[in-house]
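Asks: First to last, the sequence lines map onto chains P and U. At position 351 of the first sequence the residue is numbered 351 (my numbering), and the sequence of numbers has no breaks. At position 54 of the second sequence the residue is numbered 54 (my numbering), and the sequence of numbers has no breaks.
No wet-lab data here; the hints were simulated from the structure. By construction, the Cβ of each residue, glycine as well, lies at the ideal position given by its N, Cα and C atoms. Hints are not guaranteed to be accurate.
To list a few chain P residues with every Cβ distance to chain U over 10 Å, as calculated [as the list claims (entries may be wrong)]:
#1 Phe158
#2 Asp244
#3 Pro271
With beta-carbon atoms standing in for the labels, derived distance ranges [what the hints assert, rightly or not]:
#4 U/Asp344 with P/Glu24: 13 to 23 Å
#5 U/Gln72 with P/Ser202: 54 to 64 Å
#6 U/Glu301 with P/Asp14: 22 to 32 Å
#7 U/Glu6 with P/Arg94: 41 to 51 Å
#8 U/Asn23 with P/Gly84: 35 to 45 Å
#9 P/Asp14 with U/Phe423: 30 to 40 Å
#10 P/Gly281 with U/His407: 21 to 31 Å
#11 P/Arg330 with U/Glu35: 35 to 45 Å
#12 P/Ala204 with U/Glu42: 18 to 28 Å
Protein chains: 2
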Amino acid sequence: MSTIHEITLKVKEDSFLMAALENETRNKALRAIIETLRTHSEEIFAANAEDLKNGEKAGLPQPIMKRLKFDQSKLDDVCAGMEGLQTLPDPLFRTLLSRQLDEGLILKQVTCPIGVIGVIFESRPDALVQIAALCLKSGNCAILKGGSEAAHTNRILFDLIYQAGVSAQIPAGFLTLIENRTDIDELLKCDEAIDLLIPRGSNAFVQYIMNNSKIPVMGHADGVCHIYVDRDADLEKALPIVLDAKTQYVAACNTVETLLVHRDAAEAFLPRLSQACQKDGIKLLGCPRSMAYIQGEPCTETDFRMEYLDYILTVKIVDDMEEAIAHINRYGSHHTDAIITQCDEAAQRFMLLVDSAGVYQNCSTRFADGFRYGFGAEVGISTGKLHARGPVGLSGLVTYKYKLFGHGQIVSDYAEGRKSFHFKDL
Amino acid sequence: MSTIHEITLKVKEDSFLMAALENETRNKALRAIIETLRTHSEEIFAANAEDLKNGEKAGLPQPIMKRLKFDQSKLDDVCAGMEGLQTLPDPLFRTLLSRQLDEGLILKQVTCPIGVIGVIFESRPDALVQIAALCLKSGNCAILKGGSEAAHTNRILFDLIYQAGVSAQIPAGFLTLIENRTDIDELLKCDEAIDLLIPRGSNAFVQYIMNNSKIPVMGHADGVCHIYVDRDADLEKALPIVLDAKTQYVAACNTVETLLVHRDAAEAFLPRLSQACQKDGIKLLGCPRSMAYIQGEPCTETDFRMEYLDYILTVKIVDDMEEAIAHINRYGSHHTDAIITQCDEAAQRFMLLVDSAGVYQNCSTRFADGFRYGFGAEVGISTGKLHARGPVGLSGLVTYKYKLFGHGQIVSDYAEGRKSFHFKDL
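Assemble the whole structure, with the sequences as input and the hints as a guide.
Replies: Now the structure itself:
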């Protein structure tokens, strides 16, 4: 049996071939995958029943059991996603720049796949299908490690996708499944072969990956998102937005954790918020000034950095928008932050100065999601500032190379003045 | 006196303000910098004379002394570079995507600065001016550490640029000079404040930076570039290209280190190459088969990974283009690799399959350079595949954020089917 190191080197070799596959070949493979998943749906559901049974035995919490479930509706969702993906324009071979440097010397900047991407994801088996499909469409090889709770479902989904891909002339290295948790540590050492790691999961897990590998990591550890209710906020809008951002799916990274309220809006807004939160079971932690208006407990500075992923919301009154911005840039995680205001100038300034992947006016932070941005799907959300930021879809899975077409040109002619550059964008 | 850590935190705060500066403000500062450098040219040259005197005393090698020199011609060059830079379109505030997600819910993907960039560069004082100017134009704060040989020249250049920038209403954190080598280790720990490191210099130094910081690093350690002379090469073109790529500036990262020759071209090409190399003082290291055609010494596998930065060239005969591609992907550094061929189909395949930042047909690898690509200048050349690849100019110094403009939209309406997305690119 091959070691993880050997496997990744083999995948690396195939990744070069992936870069030359036509869009139609990749789309054909996507269609073959849809067909095989539909044909073998009963076997997939049976494998999933096994995982669910084991999960129940192990006493997994309900939210995880829910994510683990892969039924007809989940199958329809991932197939619809892949249908959409194969109609999307090819992310590869796009010319970003076409420039004549001199007569007969043409520079082109053209998109190409990143290469080999390692994705470590949580208990949702539908994530396996989505990630495999996004990587295939973008010409990347994917090495996947899913949650062990979903082992049976992941195994059959992988087998079906792999077979369909290979039958459709995709190189065998396009998809690899890793099943042992100990293999992750091996994977982290394969910086020769793996171009990018995308870990999804708990803060501690993502930090672990970042601290233990030389491979570039795309993703986010924290999701400490803010909503700032401005002096000029429409409070009728503000309240449902805050409640949605907190409770629509409390365990998501894009839920709001801290609410900042302009002092002039505090008296009108906070008592209403407090009442609504009591009704919805949201516990409030307030700064000293805000405690005059809300039912809750006093917060500490530590709370400003907390990603609760729970029905808890920190509340702070600020003197002006600048204080709100400074707070967000200092304590936030540069994920997604919103301003509620009717003043477009204030919103514009907030959006310029807040250093986050998503900056919103008058809507819920929960919109930070690849599907909701119209990307079809996402491999994850990036809070890093390099390469890709925010929800990462196809465009975040490609890079580019510079192609230079000449007719014998040499640099010494230009360095020594016999020729000179004549730049012209084509 | 502040610690490096305190300094970088202060710079970070100013970096948020930099993101809101208008293009005209940044251009005005560039013009002020040009003016002050011209006005104080005598003082700059005097400081440089000091550095040159010390360099001579210390017995610095001639190539370094040459790079250290900052005279009227270097001043004219950097001022011309900045003149060009201030006429270039603003890299910030560019809308990359504008999409209606639903009625009254508009998503915009807009370019913005990366933030705080640490650049550690070699003995050329003109690099300080170029890097400061590129970072200013792209709205980034730069923390610079130059070579100690250039300490006097760097100090006066920094003082002049800093004063001109601040007088032109640029936040004081836009430019910081670090002068002690020991401060570099402090800098590497400031991952809270610094968004990106760009080390320029020796392979060992760049590796040291990469291994000792959590901050993302852009740059290249190795420059092992190849030229492949195809069966269908025009040998009249091939010879001057190889000689230019090896000797035009032998210490550059984009010089050729390994020459791959198709077996059908070996007999016609290699004896001519060997003769020319003997004339130019280039030592050849050959594979067993090639030794029949060249004057040189046998090479080992180690030589295939060597960046000589010297008048040495490794020569290997390959059976076909696929072998050449596999060799380049295996032993190369993914910097810049060229094919010499009259067959455009072969070139196209070579350019698809070679996994490098630059893939060239029928021209010298020495063209891999920001100025020669028409970028005005470069902060460095990246062999990483994420964010920016190849020569990095303004466009590699920006990232983007997603701005979402709503009117009170909440996610639960979409999740629970009361509303649905209507994606439309604007």
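Asks: The structure should be examined with respect to each hint, and the outcome stated for every one.
Replies: To see whether the hints hold, each was checked on the structure:
No beta-carbon of chain U comes within 10 Å of the beta-carbon of P/Phe158; the shortest separation is about 26 Å. Listed as a non-interface residue, P/Asp244 fails to keep its Cβ farther than 10 Å from every Cβ of chain U; the least gap is roughly 4 Å. Every CB of chain U lies more than 10 Å from the CB of P/Pro271, the least distance being 20 Å, so the non-interface label holds. Checked against the hint of 13 to 23 Å, the C-beta distance between U/Asp344 and P/Glu24 comes to roughly 22 Å, which is consistent with it.
The given range of 54 to 64 Å is respected by U/Gln72 and P/Ser202, whose C-beta atoms sit roughly 60 Å from each other. Distance hint check: the CB atoms of U/Glu301 and P/Asp14 are about 23 Å apart, consistent with the given range 22 to 32 Å. For the hinted restraint 41 to 51 Å between U/Glu6 and P/Arg94, the CB-CB distance of approximately 44 Å keeps it satisfied. Distance hint for U/Asn23 and P/Gly84: a CB-CB separation of about 38 Å, consistent with the stated range 35 to 45 Å.
For the pair P/Asp14 and U/Phe423, the supplied restraint of 30 to 40 Å holds, since their beta-carbon distance comes to about 34 Å. Between P/Gly281 and U/His407 the Cβ separation comes to about 28 Å, which falls inside the hinted range of 21 to 31 Å. Taking 35 to 45 Å as the suggested C-beta distance range, the pair P/Arg330 and U/Glu35 conforms, at roughly 37 Å. For P/Ala204 and U/Glu42, the Cβ-Cβ distance of about 59 Å falls outside the hinted range of 18 to 28 Å, so the restraint is violated.
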